[in-house]
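Just need the whole structure built from these sequences, with the hints factored in.
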Amino acid sequence: MDNNFKRELMIDNCNNPYHKRKIETKDFIKANTNNESCIDNIDLYVKVENDVIVDAYFDGEACAVTTSATSIMLRKIIGKSLEEARVIMREYFKMINEEDYQDEVLGELNIYQDISKQPSRKKCALLPFQTLEKTFKIYESESCK
Amino acid sequence: MNRDDFKMFLNNPDLIYFDNGATTFKPNQVINAVVDYYTKYTANAHRGDYDISNKVDTFYEDTRRVVKDFINAKDESEIIFTKGTTDSMNMIVFSFMKYYLQKGDEVLITKAEHASNVLPWFELEKEIGIVVKFIPLDSNYKVTLENIQKVVTKKTKVISLAYVTNVIGDIRPIHEISKFAHQYGMLLVVDGAQSVPHMKTDVLADDIDFLAFSGHKMLAPTGIGVLYGKRRYLEVMKPLEYGGGMNARFESTKDLEYKELPLRLEAGTMNIAGVLGLKAAILYLKNIGLEKIHKYEQELKKYLLERLKEVSNITVYNEKSEAGIVTFNINNIFSEDTSRYLNHYKICVRAGNHCTKMIKDDLGVKNTCRISLYFYNTKEEVDKLIEVLQNSDKIYEIIL
Numbered sequence: 001m002d003n004n005f006k007r008e009l010m011i012d013n014c015n016n017p018y019h020k021r022k023i024e025t026k027d028f029i030k031a032n033t034n035n036e037s038c039i040d041n042i043d044l045y046v047k048v049e050n051d052v053i054v055d056a057y058f059d060g061e062a063c064a065v066t067t068s069a070t071s072i073m074l075r076k077i078i079g080k081s082l083e084e085a086r087v088i089m090r091e092y093f094k095m096i097n098e099e100d101y102q103d104e105v106l107g108e109l110n111i112y113q114d115i116s117k118q119p120s121r122k123k124c125a126l127l128p129f130q131t132l133e134k135t136f137k138i139y140e141s142e143s144c145k
Numbered sequence: 146m147n148r149d150d151f152k153m154f155l156n157n158p159d160l161i162y163f164d165n166g167a168t169t170f171k172p173n174q175v176i177n178a179v180v181d182y183y184t185k186y187t188a189n190a191h192r193g194d195y196d197i198s199n200k201v202d203t204f205y206e207d208t209r210r211v212v213k214d215f216i217n218a219k220d221e222s223e224i225i226f227t228k229g230t231t232d233s234m235n236m237i238v239f240s241f242m243k244y245y246l247q248k249g250d251e252v253l254i255t256k257a258e259h260a261s262n263v264l265p266w267f268e269l270e271k272e273i274g275i276v277v278k279f280i281p282l283d284s285n286y287k288v289t290l291e292n293i294q295k296v297v298t299k300k301t302k303v304i305s306l307a308y309v310t311n312v313i314g315d316i317r318p319i320h321e322i323s324k325f326a327h328q329y330g331m332l333l334v335v336d337g338a339q340s341v342p343h344m345k346t347d348v349l350a351d352d353i354d355f356l357a358f359s360g361h362k363m364l365a366p367t368g369i370g371v372l373y374g375k376r377r378y379l380e381v382m383k384p385l386e387y388g389g390g391m392n393a394r395f396e397s398t399k400d401l402e403y404k405e406l407p408l409r410l411e412a413g414t415m416n417i418a419g420v421l422g423l424k425a426a427i428l429y430l431k432n433i434g435l436e437k438i439h440k441y442e443q444e445l446k447k448y449l450l451e452r453l454k455e456v457s458n459i460t461v462y463n464e465k466s467e468a469g470i471v472t473f474n475i476n477n478i479f480s481e482d483t484s485r486y487l488n489h490y491k492i493c494v495r496a497g498n499h500c501t502k503m504i505k506d507d508l509g510v511k512n513t514c515r516i517s518l519y520f521y522n523t524k525e526e527v528d529k530l531i532e533v534l535q536n537s538d539k540i541y542e543i544i545l
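Protein sequence lines, in the order shown, are assigned to chains A and B. With my numbering applied, the first sequence corresponds to residues 1 to 145, in that order. With my numbering applied, the second sequence corresponds to residues 146 to 545, in that order.
Hints were generated in silico from the structure; no laboratory data involved. There could be a bad hint or two in this list.
[Unchecked claim] Cβ-Cβ distance ranges computed for the label pairs, FRET-style:
hint : chain 1 : residue 1 : chain 2 : residue 2 : range
1    : B       : K505      : A       : S143      : 51 to 59 Å
2    : A       : D27       : B       : G413      : 50 to 58 Å
3    : B       : K447      : A       : K94       : 34 to 42 Å
4    : B       : N477      : A       : Q118      : 17 to 25 Å
5    : B       : R376      : A       : Q118      : 51 to 59 Å
6    : A       : V54       : B       : N156      : 54 to 62 Å
7    : B       : N477      : A       : D114      : 53 to 61 Å
8    : A       : S141      : B       : N477      : 33 to 41 Å
9    : B       : K278      : A       : D27       : 38 to 46 Å
10   : A       : I23       : B       : G434      : 53 to 61 Å
Backbone N, C-alpha and C fix where the C-beta goes; we use that ideal spot for every residue, glycine too.
If you want it as structure tokens, here you go:
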């Protein structure tokens, strides 16, 4: 993938992120992940109905990598079943951790494939999916009740 | 000035280090003091009767005298070596204030304090029911006596403030505050982490009850700091640590006696190398002169602020503050992205909330970039920073 294209996509999603809004809605699961090594701080809101992510959005302050990756992640997972989202998450984690992964599953998220070359940015790229994982855990524990 | 004494500059010729509020580089004199201890006379202090141990003893206690003179304390026994400012602040709060204060007593701090002058107090509030209150800051985020008077009540027993704050860099009117506090029987605790390395400290003239500061922010090694307290307060401090070095005797009958000050508050083997490094650091600073350092930093800051005006798309948050700290953001850019951009040009600044997480209430912004200067920074380094900031429209091309 062309570096300029990757950068443009990140900048576009950073300056005008998709699904970033401030309204807190009741039937959304909320999770926050403070990135311990730096200062990215996002709240992620996910609405799940019958194991399908019907809506999701985020709010907070974060660097360009975290903001753009959250934006692209949300575009990718809204409308997907939890199972499908988990596959995306798993492949994404593999990519960031420099393991073999299925790039066809990730679409635009593939632009972060070289991020591990900058170790300090790796954490920023992982943050959106780590937060998503948190919302899934909350959903599961609530479903078990 | 004095850059030749710092190997960090020799080994990193292109590096511009503007994060001195976090920690400072160490001059050869400090490094040599540490190396000498580890290569020429390694021994424990206050223990042996052999020559090298006596030498350690002498040098260790010499440092106490050097620190005493440096901050103009009355007596060496008022100088306690600690791990750093955080350790000193925790000792003040949990070894002294926990027993001195009672439920309902009020402690005044501000939202501009570093975590180490906030969290111990919050914990004590939970533990014994003191009330931590905030002195309102003025429009330049400064503390004024007038604002202190607004929140003082009959229950106010302690005012605890940084002499210089680490995000805004304002120098508090400690002398004036001290007079006021003592007039009404309050104690004054001063966090000197950002002031002691940069300006003359005089605990007697300012009549400070407790002072905490770190060695590593003033050229000394990490892991060494100082707690100063007036003798009558240190005398009644209940040690947080018990063990070797601090006891005079103990019997199987459980009859025991602890040592006199200051050793009673220094349990276990202390950071001897750190103490010896601290001595070298203080002598180094005294050799340049604190007045000279302070004046130089103020001039450099003035130059930095003037040059920052040439950069159109940045916001400076603390133009009116006195110390060598400048806090800013490139407009619409997250501070961490700015620091990464500057890092590309080997310029080190700190991004984030700088352990001062409550100032956002007043500043209206959560995260900022901080430039904190020291005497070894230069106008040429400022010029390079300005040049890089002027080209920041390319920021994403550099960092992404």
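Here is what the structure says about each hint:
A beta carbon spacing of about 36 Å between K505 of chain B and S143 of chain A contradicts the range 51 to 59 Å that was offered as a hint. For D27 of chain A and G413 of chain B, the Cβ-Cβ distance of about 55 Å falls inside the hinted range of 50 to 58 Å, so the restraint holds. Taking the beta carbon of each, K447 of chain B and K94 of chain A are about 53 Å apart, not inside 34 to 42 Å as hinted. For the pair N477 of chain B and Q118 of chain A, the beta carbons lie near 22 Å from each other, so the given range of 17 to 25 Å is met.
Between R376 of chain B and Q118 of chain A the Cβ separation comes to about 53 Å, which falls inside the hinted range of 51 to 59 Å. Between V54 of chain A and N156 of chain B the C-beta distance comes to about 57 Å, which sits within the given range of 54 to 62 Å. A hinted range of 53 to 61 Å is violated for the C-beta pair N477 of chain B and D114 of chain A, which are about 26 Å apart. Range check, S141 of chain A to N477 of chain B: Cβ separation about 39 Å, and the 33 to 41 Å hint holds.
Taken as a hint, the range 38 to 46 Å holds for the pair K278 of chain B and D27 of chain A, whose Cβ atoms sit roughly 39 Å apart. Take I23 of chain A and G434 of chain B: their Cβ atoms lie about 58 Å apart, and the range 53 to 61 Å holds.
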